[in-house]
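Given only the sequences and the hints, what does the whole structure look like? Please build it.
Numbering of the sequence shown is given in my numbering, commencing with residue 1 and proceeding in unit increments.
Worth flagging that the hints you see were computed from the coordinates, not collected in a lab.
Among the clues, some could well be false.
Cβ-Cβ distance ranges computed for the label pairs, FRET-style [claimed, not checked]:
1) Glu49 / Lys276: 16 to 26 angstroms
2) Asp248 / Ile269: 13 to 23 angstroms
3) Ile138 / Gly247: 15 to 25 angstroms
4) Ile138 / Asn71: 19 to 29 angstroms
5) Asp47 / Gly104: 33 to 43 angstroms
6) Gln271 / Ser175: 31 to 41 angstroms
7) Glu49 / Gln271: 32 to 42 angstroms
No more than 25 angstroms apart at the CA atoms, straight line, and that leaves these computed lysine-lysine pairs for DSS-like [what the hints assert, rightly or not]:
8) Lys173 / Lys137
9) Lys276 / Lys140
10) Lys173 / Lys108
11) Lys276 / Lys17
12) Lys173 / Lys140
13) Lys76 / Lys276
We treat Cβ as the ideally placed atom computed from N, Cα and C, and that holds for glycine.
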Amino acid sequence: MSFHSLDGLNPLDTLNKLTNSQLVLPLVSIGNISQLAIDLLIHNISDIELVGRLDDLYLYPFASPIDYSINDSPKKGISSALEIYFSESHNLTLLQQRSPILPGFTSKFITELIQPFISNVQFSKVVILQSNDQGLKIDKYADNRFQIWSNDLTKNFELLEIQEKSNIGLTTKASEISTVGEYLVNILEGIQSSPLGKNSTSSFELIESLNPGSSINLSDVDPKQKPALSSTSSPELIILSIFVYEGDNTDDAELLANQVLNLSSIKQISQWQTPKSWAGVYGDKSIPVGIEYGLYT
Numbered sequence: 001m002s003f004h005s006l007d008g009l010n011p012l013d014t015l016n017k018l019t020n021s022q023l024v025l026p027l028v029s030i031g032n033i034s035q036l037a038i039d040l041l042i043h044n045i046s047d048i049e050l051v052g053r054l055d056d057l058y059l060y061p062f063a064s065p066i067d068y069s070i071n072d073s074p075k076k077g078i079s080s081a082l083e084i085y086f087s088e089s090h091n092l093t094l095l096q097q098r099s100p101i102l103p104g105f106t107s108k109f110i111t112e113l114i115q116p117f118i119s120n121v122q123f124s125k126v127v128i129l130q131s132n133d134q135g136l137k138i139d140k141y142a143d144n145r146f147q148i149w150s151n152d153l154t155k156n157f158e159l160l161e162i163q164e165k166s167n168i169g170l171t172t173k174a175s176e177i178s179t180v181g182e183y184l185v186n187i188l189e190g191i192q193s194s195p196l197g198k199n200s201t202s203s204f205e206l207i208e209s210l211n212p213g214s215s216i217n218l219s220d221v222d223p224k225q226k227p228a229l230s231s232t233s234s235p236e237l238i239i240l241s242i243f244v245y246e247g248d249n250t251d252d253a254e255l256l257a258n259q260v261l262n263l264s265s266i267k268q269i270s271q272w273q274t275p276k277s278w279a280g281v282y283g284d285k286s287i288p289v290g291i292e293y294g295l296y297t
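Right under this line is the structure:
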């Protein structure tokens, strides 16, 4: 598996830039709220830019035109299944996953791609976004809109600016929010070893020489060239989830994105700009009827 830098960007320089930044990544879950929240951040943080991609071998094939905000002009290029964005002013990295994991490949996706990427780049904080079914939540979370787990729960709970603290359910068990999230944090903390053993990071393959726009295997790079590591321990880890019903989830995505800004100590965005693609799915447009304006228009 590889990290692919964009044309004109050196992969080592890009990875050095990401070192010690805060990473936010989504888990595919009900309503795709975590992906929608990442999209809002991509389209509303002023200096955010695409800096690279990860291999999508374990995801359903995906390619599309580049999305753009309603108030912007169309952009040239192609979006892929796993894209990495970076904001230098906020020291924030976003990993957007635009396609589900193939059945039976969740473990490989995490151990051969996500865990090596996180561990080698050495992010200071990793925020995992998730959504759960509002209609299926257990009694202990009956009054909660959010759930949060963290290996530094006290610190991160204080960052969340929620009108009523009762709106968020605290848990010391990541499994109460997400079994996939629990699996990822256990691997990152060294509690659960990778099925591939100690050499799992070698799954990054050096496909080309280190020229701009090439791919890189971090384990093959001379240690002097690697990004400077801030610590040998696991990063600050957070799983943040929101309870939702499926439907028009625009408001849910905005709520979750706002909490990401809080956790990242970034100023709140007063008016969110939504991607153009959302207009075909969400909104308060009147429902077209008739042969000319019905289901297939």
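Cross-check of the supplied hints:
1. Glu49 / Lys276: 16 to 26 angstroms: For Glu49 and Lys276 the Cβ distance comes to about 18 angstroms; the hint holds.
2. Asp248 / Ile269: 13 to 23 angstroms: Holds, since Asp248 and Ile269 (Cβ atoms, about 20 angstroms apart) stay within the stated range.
3. Ile138 / Gly247: 15 to 25 angstroms: holds, 22 angstroms
4. Ile138 / Asn71: 19 to 29 angstroms: violated, 42 angstroms
5. Asp47 / Gly104: 33 to 43 angstroms: Distance hint for Asp47, Gly104 holds at roughly 39 angstroms.
6. Gln271 / Ser175: 31 to 41 angstroms: At 37 angstroms between Cβs, range holds.
7. Glu49 / Gln271: 32 to 42 angstroms: Since Glu49 and Gln271 have Cβ atoms about 21 angstroms apart, the given range 32 to 42 angstroms is violated.
8. Lys173 / Lys137: It holds: about 15 angstroms lies between the C-alpha atoms, which stays within 25 angstroms.
9. Lys276 / Lys140: violated, 38 angstroms
10. Lys173 / Lys108: holds, 23 angstroms
11. Lys276 / Lys17: Cα-Cα ~30 angstroms, so violated.
12. Lys173 / Lys140: Holds - the C-alpha atoms of Lys140 and Lys173 are around 13 angstroms apart, at most 25 angstroms.
13. Lys76 / Lys276: Distance ~14 angstroms between Lys76 and Lys276 Cα, so the pair holds.
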